[in-house]
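Participant: Protein chains in written order, with my numbering: chain A, 1 to 88; chain B, 1 to 88.
Honestly, I wouldn't trust all of these hints.
Identical copies look the same in the list; a pair holds intra-copy or inter-copy alike.
[To be verified] List time: in silico BS3-like cross-link candidates among lysine-lysine, alpha-carbon distance up to 30 angstroms:
1. K57 with K70
2. K24 with K70
3. K42 with K20
4. K17 with K42
5. K74 with K20
6. K13 with K24
7. K45 with K20
8. K57 with K42
9. K81 with K17
The hints are simulated quantities; they were obtained by calculation from the structure and are not laboratory data.
Number of protein chains: 2
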Amino acid sequence: MYVIITYDITDDKRLNKVRKILRKYLYWTQLSTFEGEISEGKLSKCMAEVNNVIEIKEDSVYVYKVENPKNLEKNVLGIEKGHIDNFL
Amino acid sequence: MYVIITYDITDDKRLNKVRKILRKYLYWTQLSTFEGEISEGKLSKCMAEVNNVIEIKEDSVYVYKVENPKNLEKNVLGIEKGHIDNFL
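Make the full structure from the sequences, and use the hints.
Facilitator: In structure tokens form, the structure reads like this:
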């Protein structure tokens, strides 16, 4: 399964915690975007950890799931940040 | 076709221009995320407009395309911003 995770986290402390969790499971490809292949089990674990950190009345996390990666096409305008670890 | 567009635009003027373009075609659902159903033709038109605005050596725009929306599942943690026009 391929997933894209985007987020608006209103507090910097929570934001860093969420990113730290997501980096264990996926690739950080834009400041507010993680993506990559992941199993259903690992995704559930990841989301449970994120859910423990965010403030559900203030923060927003979207998880877009595509079962078969062949059904997803990605186009890039400008730079592809790939693994953002190399840039920050 | 369903698309999700995410972006990192390093200059506020360009950022506002990109958002203004995207709002003509899609729903603004997080600060750096637009999504919605769109035809191939309209998407090409939209991307041509965005391409005219961004600085390709600095900015990053990802266009995730799923031909059949049934192949995409979206889960939300926290708040679903829906149409961000109502929030800003």
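Participant: If a hint holds in the structure, say so; if it does not, say that too.
Facilitator: Evaluated hints:
In this homomeric assembly, K57 and K70 come within 30 angstroms of each other (Cα to Cα) only across copies, at 29 angstroms, whereas the closest approach inside a single copy is 35 angstroms. Proximity of K24 and K70 under a CA criterion of 30 angstroms is satisfied in both settings, with 24 angstroms inside one chain copy and 29 angstroms between copies. Taking identical chains as interchangeable, the C-alpha atoms of K42 and K20 lie at most 30 angstroms apart only when both belong to the same chain, with a minimum of 15 angstroms there against 37 angstroms between chains. Proximity of K17 and K42 under a CA criterion of 30 angstroms is satisfied intra-copy only: 18 angstroms inside one chain copy versus 38 angstroms between copies.
Proximity of K74 and K20 under a CA criterion of 30 angstroms is satisfied in both settings, with 25 angstroms inside one chain copy and 22 angstroms between copies. In this assembly of identical chains, K13 and K24 lie within 30 angstroms of each other by CA distance solely inside one copy; the values are 17 angstroms within and 34 angstroms between copies. For a Cα distance limit of 30 angstroms, the shortest separation of K45 from K20 inside one copy, 14 angstroms, qualifies, whereas the shortest one across copies, 37 angstroms, does not. Within a single copy, K57 and K42 get their C-alpha atoms as close as 25 angstroms, which meets the 30 angstroms cut-off; across copies the closest is 35 angstroms, which misses it.
Proximity of K81 to K17 under the C-alpha cut-off of 30 angstroms is found in both arrangements, the shortest distances being 21 angstroms within a copy and 21 angstroms between copies.
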